[in-house]
Amino acid sequence: MSENGKPKLALYWASSCGGCEISVLAVHEKILDVAEAFDIVFWPCVMDFKEKDVEAMADGEIDVCLFNGAIRNSENEHMAKLLRRKSKVMVAYGSCSHEGCMPGLANFFDREQMLNFIYVDSPSTDNPERVFPQVETEKPEGTLTLPEFYNTVKTLDQVVPVEYYLPGCPPEAQWTLAAVEAILSGELPPPGSVIGLDVTVCDECPRERSEKKITHFYRPYEIDPDPDICLLDQGLFCAGIATRAGCGALCPRVNMGCRGCYGPNEGVEDQGAKLIAGIASVIDARTPEDIDAILDTLPDPAGYFYRFSLAHSMLHRTALAEGDRTAQAIEEVPRLDPKLGT
Amino acid sequence: MSDLQEFQPVIVGFLCNWCSYRAADLAGTSRMGYPATLRDIRIMCTGRLDPAFVLKALRGGADGVLIMGCHPGQCHYEEGNYKALRRVALLKRTLAQLGVEPERVQLGWASAAEGVVFAEKVAEMTEQIRALGPLRWGGNLADKANGNGTLAGVAAMDEEVVS
Amino acid sequence: MQRITIDPITRLEGHGKIEIFLNEEGNVANTYFQVPELRGFEVFCLGRPAEEMPRLTNRICGVCPEAHHMAATKALDDLFHVEAPPAAHKIREMFYMAFYCTDHTTHFYALGGPDFVVGPNAPAAERNVLGVVAAAGLEAGLAVIDCRKRNHEVIKRLGGRAIHPVTGLPGGWAVALSEEDRAFSEEVAQKNVDFALFSLQLFDDIVLKNSAYVDLIVSEGYTQPMYYMGLVDENNHVNFYDGKVRVVDPNGDEYCKYAPHEYTEHIAEHVEPHSYLKYPYLKNVGWKGFECGIDSGMYCATPLSRLNAADAMATPKAQEAYEKMYETLGGKPVHHTLACHWARLVELLYSAERMLELCQDPEITDPHVRNIPTETPTEGIGIVEAPRGTLTHHYVTDENGVLIGVNLIVGTTNNFAPITLSIMKAADAVIKNGVVNDGVLNMVEMAFRSYDPCLSCATHSLPGQMPLEIIVRNADGGLVERLTQYVDE
Numbered sequence: 002m003s004e005n006g007k008p009k010l011a012l013y014w015a016s017s018c019g020g021c022e023i024s025v026l027a028v029h030e031k032i033l034d035v036a037e038a039f040d041i042v043f044w045p046c047v048m049d050f051k052e053k054d055v056e057a058m059a060d061g062e063i064d065v066c067l068f069n070g071a072i073r074n075s076e077n078e079h080m081a082k083l084l085r086r087k088s089k090v091m092v093a094y095g096s097c098s099h100e101g102c103m104p105g106l107a108n109f110f111d112r113e114q115m116l117n118f119i120y121v122d123s124p125s126t127d128n129p130e131r132v133f134p135q136v137e138t139e140k141p142e143g144t145l146t147l148p149e150f151y152n153t154v155k156t157l158d159q160v161v162p163v164e165y166y167l168p169g170c171p172p173e174a175q176w177t178l179a180a181v182e183a184i185l186s187g188e189l190p191p192p193g194s195v196i197g198l199d200v201t202v203c204d205e206c207p208r209e210r211s212e213k214k215i216t217h218f219y220r221p222y223e224i225d226p227d228p229d230i231c232l233l234d235q236g237l238f239c240a241g242i243a244t245r246a247g248c249g250a251l252c253p254r255v256n257m258g259c260r261g262c263y264g265p266n267e268g269v270e271d272q273g274a275k276l277i278a279g280i281a282s283v284i285d286a287r288t289p290e291d292i293d294a295i296l297d298t299l300p301d302p303a304g305y306f307y308r309f310s311l312a313h314s315m316l317h318r319t320a321l322a323e324g325d326r327t328a329q330a331i332e333e334v335p336r337l338d339p340k341l342g343t
Numbered sequence: 278m279s280d281l282q283e284f285q286p287v288i289v290g291f292l293c294n295w296c297s298y299r300a301a302d303l304a305g306t307s308r309m310g311y312p313a314t315l316r317d318i319r320i321m322c323t324g325r326l327d328p329a330f331v332l333k334a335l336r337g338g339a340d341g342v343l344i345m346g347c348h349p350g351q352c353h354y355e356e357g358n359y360k361a362l363r364r365v366a367l368l369k370r371t372l373a374q375l376g377v378e379p380e381r382v383q384l385g386w387a388s389a390a391e392g393v394v395f396a397e398k399v400a401e402m403t404e405q406i407r408a409l410g411p412l413r414w415g416g417n418l419a420d421k422a423n424g425n426g427t428l429a430g431v432a433a434m435d436e437e438v439v440s
Numbered sequence: 002m003q004r005i006t007i008d009p010i011t012r013l014e015g016h017g018k019i020e021i022f023l024n025e026e027g028n029v030a031n032t033y034f035q036v037p038e039l040r041g042f043e044v045f046c047l048g049r050p051a052e053e054m055p056r057l058t059n060r061i062c063g064v065c066p067e068a069h070h071m072a073a074t075k076a077l078d079d080l081f082h083v084e085a086p087p088a089a090h091k092i093r094e095m096f097y098m099a100f101y102c103t104d105h106t107t108h109f110y111a112l113g114g115p116d117f118v119v120g121p122n123a124p125a126a127e128r129n130v131l132g133v134v135a136a137a138g139l140e141a142g143l144a145v146i147d148c149r150k151r152n153h154e155v156i157k158r159l160g161g162r163a164i165h166p167v168t169g170l171p172g173g174w175a176v177a178l179s180e181e182d183r184a185f186s187e188e189v190a191q192k193n194v195d196f197a198l199f200s201l202q203l204f205d206d207i208v209l210k211n212s213a214y215v216d217l218i219v220s221e222g223y224t225q226p227m228y229y230m231g232l233v234d235e236n237n238h239v240n241f242y243d244g245k246v247r248v249v250d251p252n253g254d255e256y257c258k259y260a261p262h263e264y265t266e267h268i269a270e271h272v273e274p275h276s277y278l279k280y281p282y283l284k285n286v287g288w289k290g291f292e293c294g295i296d297s298g299m300y301c302a303t304p305l306s307r308l309n310a311a312d313a314m315a316t317p318k319a320q321e322a323y324e325k326m327y328e329t330l331g332g333k334p335v336h337h338t339l340a341c342h343w344a345r346l347v348e349l350l351y352s353a354e355r356m357l358e359l360c361q362d363p364e365i366t367d368p369h370v371r372n373i374p375t376e377t378p379t380e381g382i383g384i385v386e387a388p389r390g391t392l393t394h395h396y397v398t399d400e401n402g403v404l405i406g407v408n409l410i411v412g413t414t415n416n417f418a419p420i421t422l423s424i425m426k427a428a429d430a431v432i433k434n435g436v437v438n439d440g441v442l443n444m445v446e447m448a449f450r451s452y453d454p455c456l457s458c459a460t461h462s463l464p465g466q467m468p469l470e471i472i473v474r475n476a477d478g479g480l481v482e483r484l485t486q487y488v489d490e
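Chains as they are written, first to last, in the working numbering: chain F, 2 to 343; chain V, 278 to 440; chain W, 2 to 490.
One should not assume that every hint holds.
To be verified - Cut-off 25 Å, straight-line C-alpha distance, at most; resulting in silico cross-link-like pairs (BS3-like, lysine-lysine): (1) Lys9/F with Lys89/F; (2) Lys258/W with Lys140/F; (3) Lys82/F with Lys210/W; (4) Lys433/W with Lys140/F; (5) Lys140/F with Lys289/W; (6) Lys53/F with Lys82/F; (7) Lys51/F with Lys18/W; (8) Lys53/F with Lys18/W.
Hints listed in this document are in silico derivations from the structure and should not be mistaken for laboratory results. Only a predicted model underlies this, so the values are computations on that prediction, with no experimental measurement involved.
Make a model of the complete structure from these sequences and hints.
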């Protein structure tokens, strides 16, 4: 608590896009109520306090820290640990810190693959000497440092304990306010909770659903969907079946399938596994050949099923081959043994 | 090469109550010899198999997962094994993108009378996994950039390895 | 050697730091600007279906997702060899103009504006949006909040969501525009025009009528003759949504004009070991280090660049404002980086007028907004102007439309070398004989702020002063001097 009795609030962004910072501001006029109610002691995007100000605080001095962004490099990890020490309550704000979000897709690859493409192989890069960014660079005047780029993107709770999660990419304003109000009133759910609903996007979606029998998956550009019928019923992939509600089904309302940014529903650890189960269940085929033919119309299943949640999934990443530590996907698409038809 | 030195795969088996689990019992009571690599778990139907079970097994130290159920058309609950067929197909495609070889997750059918089929399947899969080598999923989070870099959580997962 | 570290720079996209080294005489030996972050979209988008890119690349930036969404959508049109119906183009552009209105407003009033509206030498406690309100009136402050809110509502109606829109598709747009939404957008556009005119008038009253500010704008420390880049239509008018990329040299003569497919013939990226961000430059002039001028490949892509690179604005009121700016500053091209704030307001007016034009076009409510691609995808490049600079998306796919190659050159990236040079010039200009004072802090901030580095989230920057600490150490690491502003001791 500050001397004025206001709880101390910190906001920090690790490897993120800034959308979560904007979403905090998307509460519009209510931001002034937030500023009134809290003493904001650290918010690098907006308020220019520095790391050493945080270091100077006592442990637990910050009442709540809203931490967004994934843990991509050593600076992100350092700040996560520092803020954890100095905060009573740590909130993983938004999909990046909750599940990895887009930065987490880098877990299909490894560090070397990324650096090689970006700094050498990209078509517009001119770097014949293969200069790579270095953690330390000697200049005539002194040593310059950069944070270390990790091999694997981690979520906040894979680095420090987290009390609450606010899902979404970004969280909708009403949930940010709900969290703020819960904090101020002291009526918080048990630690480890996700602040939000416990039903799926389907419950918020206005489209008409009937029994699903999918014989073909269509890519979004291939058809102009009926505006009133469930997108998945029409063969358009929609992750809403296994995604926590809270957004109001914004994407299906504009004819675009959900991609799962609020993460898995209550009680589910691995969103992708639920999507595999759900999508496979509604395929209208019984023989191995027919099943494979339908699945061939859905490319990149791992990218659809783990679009936001790869870093938080049970397997976290593509396997690193022993010895090399190289991420290697299996190129050939597995097909069912025809004998399984009998 | 002695058994002590050869890699002994750890295979987790999900066997359905009505067919394949009984096949496994039959293999046992008939004293059929087959590798002791399978750790079997009874589920009521392969339709009960949540792909998350497979992922948890692989993460927890399994080198492979075998799912066995009733033949198509003979499922005790009619549709369960068809669902399993579709789910395993999609799961394997997903796992391939994550670098898990298709042979590590296999689906088979064995009726209650087919103890031999069961035993042969386990033997065959054991050799396929032996050739692939151990999976050791926990090591994936070790960060090349900072040496051993294993997180506390990963170390805990390594301890869960079924031995 | 004395070393001054400014870390972190704040109100900048992500994280950045500046290291200044002083020689024995206490003058600047060298200045380094480092960007310590990298996420790797160009790699982790590989293997994804290309039509997901508008929704994947959104997440490069949560302040300007609309820019990436639009560049991606256009790249997809090209990739799938499909033309969108006219109504779809109009909806896309109108949506994009709404985005420009909110984005440029936010930057001017909360980030750039305070330096002028309140004054660079004013107490820093007043150099923020509240100070702008105090100087310009409470109505101005409310108008800023309303501008953001109403334009984000347009974005949500047309794009599905206020942050990270989803409706871009190859061959069109996922939803048509209803008459109700068109009427709403038209009202918004009209308010935007009024607000843009108000903002330009404000700039005139508070900045241009103050000779000290004008002197600052044209001062040598902020003058940097470079090549300038911007997208232009077939009449060489500024266009944010479509056209060719035109580059003019420091004398204002056209240096090149290229279509999206030709970008690699003109642009290359240089790598330095002390930063994760790369430095684009004009390939055929060459990378000459942190120098500007006709012999150096350093180019700039900002609102000022766009106005320099074009011949005129496409809408009447904006054209008037354009002419007035160049008249005042002595003709084209203008090399004064602080004039970027003025150029931004000219663009704000253009965006508002263009949005209104589109809202009043009856074709925009035509229900036909999708053409279904029929050809096999191969390779596609889409270029738009992001508020911070020219944005290029380049995709290569297999015949199933799954990505096998991605290259992105993002708005602020274009300006990484110019910003570095601006910081170096500012440091050189104010640090002499080992005297480091408060003036440095502001001069350095102003150097990079005019470029509107991607995250201009300072809308609600209360209190808005920039706590900054400069630590001067001698060669043994001992503390020589410590200067602070707004740092609690």
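Evaluation of the provided hints:
no.	hint	in the structure
1	Lys9/F with Lys89/F	holds (10 Å)
2	Lys258/W with Lys140/F	violated (38 Å)
3	Lys82/F with Lys210/W	violated (51 Å)
4	Lys433/W with Lys140/F	holds (22 Å)
5	Lys140/F with Lys289/W	holds (18 Å)
6	Lys53/F with Lys82/F	holds (14 Å)
7	Lys51/F with Lys18/W	holds (12 Å)
8	Lys53/F with Lys18/W	holds (15 Å)
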